[in-house]
Amino acid sequence: MILVPPRANAATELNMIAWYGHGEPDMVEEFEAMHNVKIKAKYYAGGDNMLALISQSPPGTYDIVLSDGEFVQLLNEAGYIEKMDPNEYNMGDLFDEYARFPGHWKGDDLYSVIVRFGYLGVSFNTTIISHEEAMDYNILWD
Numbered sequence: 703m704i705l706v707p708p709r710a711n712a713a714t715e716l717n718m719i720a721w722y723g724h725g726e727p728d729m730v731e732e733f734e735a736m737h738n739v740k741i742k743a744k745y746y747a748g749g750d751n752m753l754a755l756i757s758q759s760p761p762g763t764y765d766i767v768l769s770d771g772e773f774v775q776l777l778n779e780a781g782y783i784e785k786m787d788p789n790e791y792n793m794g795d796l797f798d799e800y801a802r803f804p805g806h807w808k809g810d811d812l813y814s815v816i817v818r819f820g821y822l823g824v825s826f827n828t829t830i831i832s833h834e835e836a837m838d839y840n841i842l843w844d
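Read in order, the letters of the sequence shown are residues 703 to 844 in this note's numbering.
Each hint can be trusted.
Derived CB-CB ranges, DEER-like:
{"hint": "1", "residue 1": "714", "residue 2": "758", "range": "18 to 28 Å"}
{"hint": "2", "residue 1": "762", "residue 2": "835", "range": "50 to 60 Å"}
{"hint": "3", "residue 1": "762", "residue 2": "841", "range": "47 to 57 Å"}
Here are the simulated DSS-like pairs of lysine-lysine, each with C-alpha atoms no more than 30 Å apart in a straight line:
{"hint": "4", "residue 1": "808", "residue 2": "744"}
{"hint": "5", "residue 1": "785", "residue 2": "744"}
{"hint": "6", "residue 1": "785", "residue 2": "808"}
{"hint": "7", "residue 1": "785", "residue 2": "742"}
{"hint": "8", "residue 1": "808", "residue 2": "742"}
{"hint": "9", "residue 1": "740", "residue 2": "785"}
Derived by calculation from the structure, the hints in this document are not laboratory data.
Even glycine gets a Cβ: it sits at the ideal position worked out from N, Cα and C.
Just need the whole structure built from these sequences, with the hints factored in.
If you want it as structure tokens, here you go:
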């Protein structure tokens, strides 16, 4: 029998900065159990807030950064994120346009992996706005 100190089998803590709700138990508990880790989340309310929190934190404060795509380039340019090994991710599971998503790669180096995407829609009242008018974003300012 081998006895080990209680902390030796304790879960590794991963510090994550993310949008509100992404570190809640129902979102992370399966991942935590699978990888014997504990997610400690710091939430932010917008990309600018996220950049400010990271820039004011010592290097290495966050192990995981959950960011919108448009901020990945800024994180990379500021030196806040590290190069990733693309072989550790099944890029074949992604749509072709997301496997080499602009801004997530710098040359042949991967800095971010897309984990979700979605479409935003605009609805309109067809009794007031015609289909043709709705196809032009200028209608939003008329």
